[in-house]
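There are 2 protein chains.
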Amino acid sequence: MLPWKTVIEIRRDSKTPLFIQITKAIIREISYGRLKAGQALPGSRSLSELIGVNRKTSIIAYEELMAQGWIEILPSKGTFVAKDLPVVTYHALNGESKHAAYPEKTCFPVKPWVAATTVYQRHASMIALDDGSPDTRLAPLDIIWRNCRSLTRGPFKNKLLAYGDLQGDPRFREVLAEYLSNTRGLACQKEHVMITRGSIMALHLVLNQIVNPGDVVLVGETNYPAANSIILNCGGSLQTIPVDENGISTHHVEEVCKKIKVTAIYITPHHHFPTTVTLSAERRLHLLELSQKHQFAILEDDYDYDFHYASGPILPLASFDRQGSVIYMGSFSKLLAPGIRIGYLVAPQNLIQALNQARRHLDRQGDFVLERALSQLILDGDLQRHLKKSLKAYRIRRNLFCQTLKKRCLEFVNFNPPEGGMAIWTKFNSSLDLKNLSENLASKGVYLDVDREILRQHHATRLGFASLNETEIVTAVEILGDCLERASLETH
Amino acid sequence: MLPWKTVIEIRRDSKTPLFIQITKAIIREISYGRLKAGQALPGSRSLSELIGVNRKTSIIAYEELMAQGWIEILPSKGTFVAKDLPVVTYHALNGESKHAAYPEKTCFPVKPWVAATTVYQRHASMIALDDGSPDTRLAPLDIIWRNCRSLTRGPFKNKLLAYGDLQGDPRFREVLAEYLSNTRGLACQKEHVMITRGSIMALHLVLNQIVNPGDVVLVGETNYPAANSIILNCGGSLQTIPVDENGISTHHVEEVCKKIKVTAIYITPHHHFPTTVTLSAERRLHLLELSQKHQFAILEDDYDYDFHYASGPILPLASFDRQGSVIYMGSFSKLLAPGIRIGYLVAPQNLIQALNQARRHLDRQGDFVLERALSQLILDGDLQRHLKKSLKAYRIRRNLFCQTLKKRCLEFVNFNPPEGGMAIWTKFNSSLDLKNLSENLASKGVYLDVDREILRQHHATRLGFASLNETEIVTAVEILGDCLERASLETH
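As given, the protein sequences belong to chains A and Z, one line each in that order.
By the working numbering, the letter at position 91 of the first sequence is numbered 103, and the numbering carries on one by one without gaps.
By the working numbering, the letter at position 440 of the second sequence is numbered 452, and the numbering carries on one by one without gaps.
Since the hints were derived computationally from the structure, they do not count as laboratory data.
One thing to keep in mind: the hints can contain errors.
To be verified - If you want a taste of the chain Z side facing chain A, the calculated C-beta under 8 Å gives, among others: (1) Met213; (2) Ser292; (3) Gln304; (4) Leu374.
Only a predicted model underlies this, so the values are computations on that prediction, with no experimental measurement involved.
Glycine included, each C-beta is placed from N, C-alpha and C at the ideal position.
Produce the entire structure from the sequences given, and follow the hints as far as they go.
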């Protein structure tokens, strides 16, 4: 007879009911092949005595196992493992016990992701030199959650929590269309707006819908790495275009279009990622003209539109597109907090309709409660007040960061104060060992991720100023200065 | 001189500041080509008089336009449209005015979605015969939002709203892993769990990661249409397998594997969609055996595990997988409300790591506040109490729906009471005109979407009982009976 007490190890401190512990143990033994098809099992009375449980518990466990087809109870004969169960012989995993671990590797092949990008994670206890994130401490999060809660007590509660519109909450799309019209001159209606999970989902949806394997997509010679990654994973081919102080060179775009069929161009006109330059009005019009002539799509990722410190922002290409060239993308993640995963895209209806189908099979729908709460934030003017407040704070932070960086680090770095956005494009002296720098910074409580592709490729990086308050900025740049000095001494 | 008052139409009731209205109007005229490069503009004083605004407003507008590069202000010469702007000639859209509409069609081609599925939307004011949705009225939504709000006031506030873990909130994954171990016998740790936006995102991520164009994926001869759709859009080839009263026929799977290379199988063991049968324990083991032998992936979509009325549920295939065959998927959307878009997948780490990269480029991360709030719901036992309560309610509703359907509609329909889940697989007499039926139902306040693929293909549909209370069930089935009678009379 099997040592039932060790086979079925009862744990009275577990949250799992006793009868389920018994059924699980017996199923495990059957599925491991240690209990064979047709093998006799102890009767429920013996079992309870053997493993020290109430008889009723054994009976329930056996009934469960019988109902599930694992065992057979034959009247006046006894209890047996079901006869028609197949024999499974498992690979012996290193010293597998009955407390088997979850398998660590698939038995089938998994293709790798093309051009994986590094994931930046802010370390909570350190001052982080991120690549341009907002300061969540400034955001009106309490108002957002108050809005959410009052919605889930209000009359729309059940509607907002049911299956609904693939394109996003219609009321939010309506409010957002008006907001985009007021702030960016987009002549869109709610039909042209789709709410996404951050602008990254907008990018994912659009690229997957319009790029076929082999299609050429134009990008800046420096570019947002995640965009390149998605294009490559769609099977698209990247063609890079030079970027100067007026943004991406439309002259070069024109030259490329003369030679090959271009499917789309991805741009960040406000402000070019990572160099932070603004695409000039002249080039915006030129790009629209080329798009019409050569019938390619313009993916306008306007993630920084709201944050402009010198003059006002230039109106998006989408605001003077009459031909259906532009897909406009934006996000509330930069405006409020990265964790508020609400972005949007604006596009002609034939594209929106195709994207709705894709969305149906991606995540079905957004978070309507949060979307409706953001509508309220716009209607009540809370969003606009927050923007004004954070714009003011970020302008001060930008100036302070630039001054301090200039004063403390100028012999080691090279940068231009950005006209807008949340980061400074900073080039390091070529002799600097960046890995060493990052380690020194970390030991002094400042986090800078040198694994970023951009840092490796260009010996330069974006230094975010928006998420740090003034004290943090001074501290971070002082420490950066110390570490740069030390690294410089070590190099010489 | 241009009729500036009509070109720049000032709307004082608009939320857009006056100077922005002016800049937008002038940019629009330039971009339409109605103001030409180098053309003279009125001075700021004349402009204010012409359009009736304060002089300061005109000056700010011109400064803005100059900063953006649209105009040039030449000292002692005057104000001009910038010289180097390109000339853009737009297609004349039907009678385009200066209040141009957003373009309705892209200038570039948009490929259609393969095998689009119908989107089911519950009509708010009608009693809806859905295809198996939970009753949001029963869900502890108030507790969830209370949890959310206290989190966003607590010490983790900033961390939960920053960029974070691609795989989902680590604390939630830990709590969920233990919950899955207690309720389903999965020996997983938090490393094997990924939080997704509903189980549809899990399905999307996994299929896109493991299916290459031309790969064969096995599915039931009837199947969840969205799964088929995603497989086809990955370029996969569907191979259908018969389904009987014990679920998908593993004997047929074995036959197919002998002939061709199979990449994956998609199953809904609890309960087969749409027929609601349970995959037997014997076949579960057989499928694991075949998967190991032929190295294909088993996508186990266990959306109905929690709702079982006859015996207890059969443990998932994932709970006795030692070879890394199974990707297990589940969701809180069925347990709580469709609008709570939280699902999960459990898989070996090599797959999870590849999926994290895909997730990075899909929506970056989940909603950590909501995820942490669900952890709290599990830790406090609120989820378990809700499950117990709703299981009891749904059992009563199932029995009532089946009784009423039998009593009132048996001559027109054919069904077996389901062992679990939220819907009854109901076959209609072949002579019935379903479109007609649906219209009659709608006119009497009952919604049944006859556009569902399943209904069209099989002359059968799932009738959901879970989302309706007892009064609604009796009313809906009575009306269904009336309409079936009427349709039957019309047919004869």
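Taking the hints in turn, this is what the structure says about them:
1. Met213: With a closest approach of 5 Å, the Z:Met213 hint holds.
2. Ser292: holds (5 Å)
3. Gln304: holds (6 Å)
4. Leu374: Holds: closest Cβ of chain A sits about 5 Å from Z:Leu374, inside 8 Å.
In this structure, every one of the numbered hints holds.
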